[in-house]
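**Q** Start from the sequences, fold in the hints, and give me the full structure.
Next come the chains, spelled out residue by residue.
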Amino acid sequence: MSFHPAMDYGRGRHQSARALPDTGPAFVFTADRRAKLEEICARYPADQRKSAILAALYLAQDQQGYLTQNAMRHVAEAIGCTPAQVEDVVSFYTMFYTRPVGRHVLQVCRTLSCALMGAERVTEELANALHVRPGETDASGEFTLLEVECLGACDRAPVVGVNDHWHECQRPEDAKALIDGLRAKGAASLTGCYLAVEKK
Amino acid sequence: MTDLYLTKHIREAHSYTLGFYLKQGGYGALKKALTMTPAAVIDAVKASGLRGRGGAGFPTGMKWGFVDQKSGKPRYLCCNADESEPGTFKDHVLMERNPHLLFEGCLIGCHAIGAKVAYIYIRGEFAHVQDVLEAELAEARKAGYIGKNILGTGFDCEIHMHRGAGAYEAGEETALIESLEGKRAQPRLKPPFPAVEGLYGCPTAVNNVETLCNVPLIIEKGPEWFAGIGPEKNTGPKLYCVSGHVARPGTYEAPMTVTMRDLIFDPKYAGGIRDGRKLKAVIPGGSSVPVLLPDQLDIPASFDGVAQAGSLLGSAGIIVMDDTTCMVWAAENLLHFYKHESCGKCTPCREGGDWLHRILGKIERGEGQMKDLDLLLSVSNNILGKTLCAFGDAAATPVLSTIKTFRAEYEAHIREGRCTVPAPWRARTKAAAHHA
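Those sequence lines, one after another, are chains A and B.
Residue numbers 1 to 200, in the numbering used here, belong to the letters of the first sequence in order.
Residue numbers 201 to 636, in the numbering used here, belong to the letters of the second sequence in order.
Read the hints as simulated data drawn from the structure, not as lab findings.
Be careful, since some hints might not be right.
As the list claims (entries may be wrong) - Heads up, simulated SDA-like pairs for lysine to any residue below, C-alpha to C-alpha not over 25 Å straight-line: (1) A:Lys-50 <-> B:His-360; (2) B:Lys-383 <-> A:Ser-91; (3) A:Lys-199 <-> B:Ala-335; (4) B:Lys-273 <-> B:Pro-392; (5) B:Lys-545 <-> A:Gln-85.
**A** See below:
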């Protein structure tokens with residue numbers, strides 16, 4: 001921790017927000033995920049399996065929904081590194097979850113281009129519709145609302161990422177429609193990327 | 201209509217497929233490059249004047265020329281597809297609609313520097329783009345453009361995808377390498393530069409997607425043709441991303457003779473400010489560069505043209521703000537980004553970014569004091585130039601530049617204890633109602 005002589009610190013600042021991930025149930029990759037991991041490891045030199053750590057974590061998250069200590073230990077074994085090295089990586093990247101999330105993770109882009117087009121209002125309406133605050137999962141356990149930084153779709157602002165899919169030009173007044181659409185038809189209700197003209 | 205080279209076919213159905221690409225003469229440049237010596241390829245890229253499209257504008261041929269050929273270690277090419285500079289979305293278009301152009305660029309690059317493997321580091325949020333790339337890589341491999349003995353020439357080269365997981369910092373070349381090695385995306389102390397010690401300690405070239413996509417054009421049509429497009433030292437076709445308060449936000453291709461004003465106002469590009477409002481400010485090169493005012497836009501949108509106007513072309517992510525935009529709010533928004541995305545390695549950026557965001561938040565909430573402006577400048581100037589990578593400068597720039605250009609707005613904010621700019625989106629935000 002460092003100090004600026006003129007900085008007003010107030011109270012409760014600079015407290016570490018680090019919380020240990022859940023231990024979770026016993027975790028082992030399914031056979032097909034393990035095979036997929038070995039396939040990815042083969043992309044790197046034989047002595048550089050650690051390069052596949054992000055891929056291994058994606059596979060673990062795909063299997064269990066979020067990453068637990070047991071999952072991280074298993075990833076460490078599969079990769080051949082220490083659990084601490086795995087947690088080091090998990091805690092750095094924003095796309096790994098260490099708490100359970102809903103089936104649909106709504107990621108509203110909050111950075112400037114989207115904010116100029118009303119992203120704050122989109123978040124607010126989605127939060128109202130789901131009765132949650134950003135960062136929380138709704139009572140049904142189906143939706144998690146997150147505010148994220150630039151998704152790289154600034155020309156279709158405000159953009160909402162839903163798991164690995166995109167929903168473009170989301171208007172605040174359509175918050176309920178987005179949620180109802182996901183409930184009824186899942187990812188098929190999303191706009192997808194406007195460039196994928198074949199799917200239109 | 202300007203001739204298009206990178207984005208000519210992007211709106212056509214199945215433009216991303218190998219069959220479509222071959223019909224346009226695809227992989228012809230690779231065939232030609234493989235008949236040339238690596239040194240001749242590098243010389244052609246040098247002669248074309250191609251400058252890196254990722255942000256720094258460094259000459260690509262020179263970068264490849266630096267790759268150490270004497271170490272005896274394997275060499276690597278990394279394609280930086282981590283496109284995450286706010287306001288930038290051009291590489292996404294190329295990857296999703298013209299992926300084989302990128303593969304061809306990677307293969308020619310590998311031939312030039314003597315690499316057998318290229319990694320395309322794509323940001324985690326581009327999952328749907330990665331699906332396209334993986335499928336097309338498999339097609340190209342099946343057709344013999346990637347793998348062993350390419351086109352019967354004895355040239356072996358593999359291209360692999362590597363997915364990131366949400367880190368702006370991974371766009372910095374040494375941080376990208378760290379992330380590829382399976383670590384946190386934090387930058388390294390330079391030197392040694394990646395050209396000498398990069399991925400796995402081996403000589404490495406890191407190039408942006410758009411940069412590599414230009415390489416097949418240079419080989420196919422010749423460096424003289426490429427150098428003839430655009431002004432001197434700013435050659436070749438360029439992609440511009442226009443977003444914010446414009447009528448037609450999107451990616452536009454133009455030579456770098458095009459002016460900033462045309463990109464924003466010409467109906468063939470972004471088509472002017474939406475809802476008939478007035479232009480207030482433009483960030484011309486992704487969120488990390490100084491703002492330009494409406495009377496500063498009659499400049500060529502080239503690396504040198506924008507630099508002469510006191511800003512940077514950067515990644516050519518042009519963010520346009522109309523007269524309803526509060527610049528304190530905009531700066532706070534950007535500093536939230538930089539605070540969140542700082543990798544935490546260097547103290548000035550990690551701590552300073554957080555301070556700047558908190559002070560801006562205080563002013564934005566109407567609780568600021570005049571002395572906070574000096575504090576903002578002091579903190580910013582203590583970040584500027586004092587970090588391992590350019591991220592620190594990027595975080596300090598929005599604050600320094602908006603205070604320099606819109607100081608009166610900051611002062612009004614502090615004096616009145618509220619925002620004095622009419623901002624429809626903000627005013628409609630219930631959470632912000634108490635100070636609107």
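**Q** Please go over all the hints and tell whether each is borne out by the structure.
**A** Taking the hints in turn, this is what the structure says about them:
1. A:Lys-50 <-> B:His-360: Roughly 16 Å between the alpha carbons, so the hint for Lys-50 of chain A and His-360 of chain B holds.
2. B:Lys-383 <-> A:Ser-91: 11 Å, holds
3. A:Lys-199 <-> B:Ala-335: Holds, because 16 Å separates the two Cα atoms, which is no more than 25 Å.
4. B:Lys-273 <-> B:Pro-392: 15 Å, holds
5. B:Lys-545 <-> A:Gln-85: 17 Å, holds
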